[in-house]
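*Asks:* Build the full structure now, drawing on both the sequences and the hints.
Listed in order, the protein sequences are those of chains A, B, C and D.
Each residue of the first sequence is one higher than the one before, counting from 1 in full-length UniProt numbering.
Each residue of the second sequence is one higher than the one before, counting from 1 in full-length UniProt numbering.
Each residue of the third sequence is one higher than the one before, counting from 1 in full-length UniProt numbering.
Each residue of the fourth sequence is one higher than the one before, counting from 1 in full-length UniProt numbering.
For the record, the hints were derived by calculation from the structure and aren't laboratory data.
Watch out, some of these pointers could steer you wrong.
Derived lysine-lysine pairs resembling BS3-like cross-links, with alpha carbons at most 30 Å apart [what the hints assert, rightly or not]:
no.	chain 1	residue 1	chain 2	residue 2
1	D	44	D	195
2	A	35	A	145
3	D	287	D	332
4	A	35	C	37
5	A	242	C	367
6	D	393	B	242
7	A	55	C	344
8	A	242	C	190
9	B	35	D	344
10	B	43	D	287
11	D	334	B	56
12	A	56	C	334
13	D	393	B	56
14	D	334	B	55
15	C	344	A	56
16	B	196	D	55
17	B	242	D	190
18	C	55	A	196
19	C	37	C	195
20	C	270	C	190
21	B	56	B	196
Remember, predicted model here, so these are calculated numbers, not experimental data.
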Amino acid sequence: MTVEPSFMLYEERIREGDTVIVYVTYGQMVPTVVKRGQTLMMKYGALRHEFIIGKKWGQRLSATAGYVYILRPTSDLWTRSLPRRTQILYTADCAQILSLLDAKPGSVICESGTGSGSLSHAIALTVAPSGHLYTHDIDETRTSKVQEEFQTHGLSSVTTAVVRNVCTSGFHVENSADGVFLDVPAPWEAIPFAAKSISRVRGGRLVSFSPCLEQVQRACLAMASAGFVSIETIELVPEQKKIVTQHRQSLEEFEEIGDAYPKERKRNADGELVENTERVSTAIVYPYSQPTHTGYLTHATLLPVLE
Amino acid sequence: MTVEPSFMLYEERIREGDTVIVYVTYGQMVPTVVKRGQTLMMKYGALRHEFIIGKKWGQRLSATAGYVYILRPTSDLWTRSLPRRTQILYTADCAQILSLLDAKPGSVICESGTGSGSLSHAIALTVAPSGHLYTHDIDETRTSKVQEEFQTHGLSSVTTAVVRNVCTSGFHVENSADGVFLDVPAPWEAIPFAAKSISRVRGGRLVSFSPCLEQVQRACLAMASAGFVSIETIELVPEQKKIVTQHRQSLEEFEEIGDAYPKERKRNADGELVENTERVSTAIVYPYSQPTHTGYLTHATLLPVLE
Amino acid sequence: MEAETPPQTSSCINSGEYLIVQKIDGEQSRIVRFTPKQKILIEKLKFTADSAFGKPHGLFEVSNNQCFPMSVDRLIEELQLQEAPVATSVIDTEVITFETVEVSDPRVVIAPSALKLEPEQKRQKLEMDAVLEMKKQGVSGQDLVAKLVEGSASFQTRTVFSQSKYIKRKAKKHSDRVLILRPTIRLLAKAYYLKDPDRLAMLRADQLALILQMAGVHHGKNVIVFEQTLGLITSAVIERLGGKGGCVHIHRGAVAQSIPCVHSMNYDEKTLSTFLPVRIKCILAEKQLPYETNRRPFDDEAENGGVEHKAAEKIEDQDLEVLARRNERLDKEKRGLEMISEQKAHSLIIGSRTVDPISVLELVYPKLAPSASIVIYSPHQNILVSAYDWLAKRQTINLVLTDQMCRVMQVLPDRTHPLMAQHVAGGHVLSGIKVVDQ
Amino acid sequence: MEAETPPQTSSCINSGEYLIVQKIDGEQSRIVRFTPKQKILIEKLKFTADSAFGKPHGLFEVSNNQCFPMSVDRLIEELQLQEAPVATSVIDTEVITFETVEVSDPRVVIAPSALKLEPEQKRQKLEMDAVLEMKKQGVSGQDLVAKLVEGSASFQTRTVFSQSKYIKRKAKKHSDRVLILRPTIRLLAKAYYLKDPDRLAMLRADQLALILQMAGVHHGKNVIVFEQTLGLITSAVIERLGGKGGCVHIHRGAVAQSIPCVHSMNYDEKTLSTFLPVRIKCILAEKQLPYETNRRPFDDEAENGGVEHKAAEKIEDQDLEVLARRNERLDKEKRGLEMISEQKAHSLIIGSRTVDPISVLELVYPKLAPSASIVIYSPHQNILVSAYDWLAKRQTINLVLTDQMCRVMQVLPDRTHPLMAQHVAGGHVLSGIKVVDQ
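*Replies:* Next up, the structure:
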């Protein structure tokens, strides 16, 4: 029996049909489905797919103009490397949303919109194999694209992508979800439908993502009216740092050699080569410019209904 | 000629009438005016004022139950130790407000409300000796209290405290300020008056402090209508840290002695005293709970008027 | 594909279950094991566990030491009644004055002159005896508030706006509504963080979420965990594995202890089958060691624990059941050690408080499968800078150090702003991916 | 009391003045010395300095390489016209889509498949030649926008909301309005930070403000400064002293160099009288040293400076004027050294980039007056942790390490949120107070 490729199979070696993440540098990753006869063209050279098949996951390979690493896809790597079709939810928000939804294997989750499918993948991987993701979008190109990706990534059996405006027509399932995630411009319109889609006997969680505060204000009111409790809005602001080695010059050294171009040795006044000063490893905020806001996350609980 | 005590005289030794900051611990400071015959009663004991006079600023003194330090008042120490009468602007915001007002010696600044006088002191000290602070409050007890303090602190000549509702009656001076600071519940009502109080020929700066975003939204609209340009809203969130020494246990050590009560030496399984593990100095967020929001600072420029 | 696990249909409270208890609008969150005859205490509210048995998880009203299921609709009606006047756009100075009271800034010394009682506090003080008396008589919180509001001398003179504030404040203080919920990792994380951040290495719920995502923990993965966070990271990993894969839990002593977060999740056997405790000793020896049957395990942690539950194990060598449990433990440990020695682990998570992560990396990193994710949490940035250097020397790729701010917003009509004060202690997360050359 | 300094009544632009030039809604801020015949360039806009001379500081419109004073009222009318449709509460999906374009997240790889041109960019590309042509013909920015909007094929089909967005975006790109302002410390700090944060040790304007306040810099104070921040800290201290007190500026080499922020503030002589440069050599020797007249001062910094202005000093020994200047310098240095040796300094500020603050503390700390404030800035927390330990051993009190987040909010009807991306690099501030035992 041949097994279909899947993000959820953890074989040691790469097989044809697997999706791999070709890692060039921190900022440069390309996701590719391995197929005999094809060649990956990158900025740093070409790589024949034949050469990838049978190699270990995580192995370094030579392209024509430098090394690359072939990584096993994870939720985070997929988010960072996926083709951007629209606004995207990054790992920090995805992680938080999964937690706020109390998502775990077996959970039934409704999502709207599908967007780039970044969060959809994160949810599908988390609820598999016994749960299910229903993802909704008004744009058919997005749902069909993510459906295709789920197929390639072995996640079809735990996902359903639906073209549907949840703000007017509600969700694909009613009285069955453990969690609902909303990333729509007018969440307050979808919130009554979200309440309907949640399992009455188990209750469930609602998470809404909105960039603007005015959206949050209306969403909070709508949640309270729809019977949600423990309503809370949070904002995450991640900060990325890198490690650099830093001088610990004495004042004498500074007087002698200055602070410019610290990587080179300098000649002092007598023309002698002067040693570099002591250095320590230290963390600095990098890059200097970073995302400082993505959106507010408003979350709430719908309690089980008393019969 | 006797010289009146003043925050702006920098004598080496403490004289009668000087305001001193009695520093007990980081969280414990008491401002006191030194007066013969009086005794300061503190949690940590009593201290006779006679004992303070003639001592050097910054000197350690023995109270009946421990040491204290007698510090020269600064804007920051005054803010941290002043009697709290109302909501208070802390050092981080005060510092930022001075900067956003482009305050310097010679500046004419209008402030409303006076509140605790925390910012009033910071402004007065910055614009002295050639500038002036006009501080306005609707509550007469506040203006008279700050006036009294200014007298004691040698800042009377650069300050005027006015009982006045700037939202209905405008500021004490017109066409003369270099900067206006607003900390009032409805800043939008005061903004047209703020524009009037600013010098037409020099132009000037406006800074408004508001805890809630709805106030900010209305203030921004009011500023634009009143002719201000370069309108921007910022938020500062300071984070305080302290330095602790931290373990660098190896896994072996952890297995042997555990992680509990790291200050003590522990006996190992054979009953021998085990040395403490290596420690490094490191910064942690402390206290664990901290202010995470004071208010938004909206600032803008009024350009000089073309004649 | 595996067979589907049955959906959790039972939302009834059973005896012996660990549960989360919160007051509506309360500050605390308690994790309590509900056993017969037990008294449940939460922010001065008291009721017997028995009164909750057989009822669905959710909202309860407490009265006369009993809790009674309550409809959410009623709660919402009441809240809307209280909130209604607030929804107008009146702004008065009280907003600011009130907020000042809420901010507790530890940097501020309240000088003696400021220590006089606020007029309202004075009034409240006089009323206190009456309140206590009414409570004794079993008057419900709702009625209590009504009575207080009625009796407040100054109430008639307040604005509509401050009236609603007043009612709300009172409602909060005297509320007798509690939520009794099935524990989730998120609720556990929050409860322990607020209770004792030190014991949890200051790990915040939002950072725990990030750790799980960066480590790529999903059904079927093999994950090695070394943590000093009361079992929180381990428990979260176990939940996400959903009964397949493995969570190697490296622990001190003979038995995994001080892991209340694993116990209080009420996991079923299948879910717990992925929990593979491995002794540090075995990791150090690179092989499984026998139990030294004459020695009891270290238990000083249990003493110092200060946690509400501890590992139920007591070793009595005569007991057959105990022997069976030990054999099961040895089997699981064997599985865990094989996962390491055969390089089958897809993720390594270190959440350390006193142990240098490098000490763990030295033993475990070489044994990780290539392409494995490494995630290290520490409250100390310095410690992670060293770990970063260590990993960078071994060509670990995708290395990044992140920190994140998490703020709660107050969203109320005309009073929207981030909370004025909040627990902010936390740590840093270092992550990377192992690769191989050949 | 001192005599009052005359208020700055002249708000006319003079030849030789340093000025800040910004486009309305522009990104950059340039510091330029306006000299005759000079061409001023800002974000693709160009005009001659001469056309600004004699005009009041403020708002200008640029046309045909000349700038003309413009009334703010006109600008505001135009802005209100643009904003009007936005002030309704229409929300559509374009809000979100548009913001995605604005976020430039360096962590995102745009995979080849996503690198196709957006439809609108395509349209713009076609129009670009026409725009350039119109610009050459001297069509003003305002007219240009009108023409573009008129000609945009898709404009009629847009919603009111996105129409206003469109106009605004266009207005931003083709705006020919500039602000020509007298430099302030705040504007300088922002301009240099955005231009080259590395050279400024990543010192943000909000952190500079905090440093000044923690150091208690006011009229008449004596302050010792060692900094590697292009003279920014020194200049801010000089301004706050207002002509009385002293700012000892410890510098490398024979003359204080690489301090553009001091030069570009156009300080008068009285204000500059408190600027007391002291050579590191003299600090090390603990006495004033003569100038070695045969050697030129180190000047590699001037080479590497990359700043727009440099100290105008050129040493020619024959020149009498130069000799006079040197004597003045020696006098000021003497005053500075006395301030140190006689323990008269009330504050010490260190803003270091490569120099270990401890190296400065060792020389200067013992010489500070008791009750003096110590404030140390560094982009590296590690460095400050060591300095903290050093100071704590010397019984420095009131020690605290702070860090602060500073975020800009976008405040627009129905679109209020913090900016999506922003420069966040910065540092940490350590402060304390020196005390004495005896």
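*Asks:* Take the hints in turn and mark each one as holding or not.
*Replies:* Against the structure, the hints:
1. Between residue 44/D and residue 195/D the alpha-carbon distance is near 16 Å, which keeps this suggested pair within the 30 Å criterion.
2. Note on residue 35/A and residue 145/A: the hinted pairing holds, with a Cα-Cα distance of about 19 Å set against a maximum of 30 Å.
3. At roughly 13 Å between alpha-carbon atoms, residue 287/D and residue 332/D fall within 30 Å of each other, so this suggested pair holds.
4. Between the alpha carbons of residue 35/A and residue 37/C the distance comes to roughly 65 Å, so the proposed pair goes past 30 Å and is violated.
5. A threshold of 30 Å between alpha carbons decides the hint, and for residue 242/A with residue 367/C the separation of about 26 Å falls inside it, so the pair holds.
6. The straight-line distance between the Cα atoms of residue 393/D and residue 242/B is roughly 15 Å, inside the 30 Å bound, and the hint therefore holds.
7. Restraint check: the Cα-Cα separation between residue 55/A and residue 344/C comes to about 16 Å, which is no more than 30 Å; the hinted pair holds.
8. Using a Cα cut-off of 30 Å, the hinted pair residue 242/A and residue 190/C holds, with the two alpha carbons roughly 29 Å apart.
9. As the CA atoms of residue 35/B and residue 344/D are separated by approximately 26 Å, the hinted pair is consistent with the 30 Å bound.
10. Under the criterion of a C-alpha separation no larger than 30 Å, the hint pairing residue 43/B with residue 287/D is inconsistent with the structure, at around 46 Å.
11. Proposed proximity of residue 334/D and residue 56/B is supported: the alpha carbons are some 26 Å apart, at most 30 Å.
12. In summary, the hint linking residue 56/A to residue 334/C is supported, as the alpha carbons are separated by about 26 Å, within the 30 Å threshold.
13. A threshold of 30 Å between alpha carbons decides the hint, and for residue 393/D with residue 56/B the separation of about 21 Å falls inside it, so the pair holds.
14. Of the supplied pair hints, the one linking residue 334/D and residue 55/B holds, its CA atoms being roughly 29 Å apart against a limit of 30 Å.
15. With a C-alpha separation of about 12 Å, the suggested pairing of residue 344/C with residue 56/A holds against the 30 Å cut-off.
16. At roughly 23 Å between alpha-carbon atoms, residue 196/B and residue 55/D fall within 30 Å of each other, so this suggested pair holds.
17. Note on residue 242/B and residue 190/D: the hinted pairing holds, with a Cα-Cα distance of about 29 Å set against a maximum of 30 Å.
18. Straight-line distance between C-alpha atoms of residue 55/C and residue 196/A comes to about 23 Å, which keeps the hinted pair within the 30 Å bound.
19. Between residue 37/C and residue 195/C, the direct Cα distance comes to roughly 25 Å. Compliance with the 30 Å bound is thereby established for this hinted pair.
20. Using a Cα cut-off of 30 Å, the hinted pair residue 270/C and residue 190/C holds, with the two alpha carbons roughly 26 Å apart.
21. Using a Cα cut-off of 30 Å, the hinted pair residue 56/B and residue 196/B is violated, with the two alpha carbons roughly 47 Å apart.
Checked against the numbered hints listed earlier, the structure breaks hints 4, 10, 21; every other hint is satisfied.
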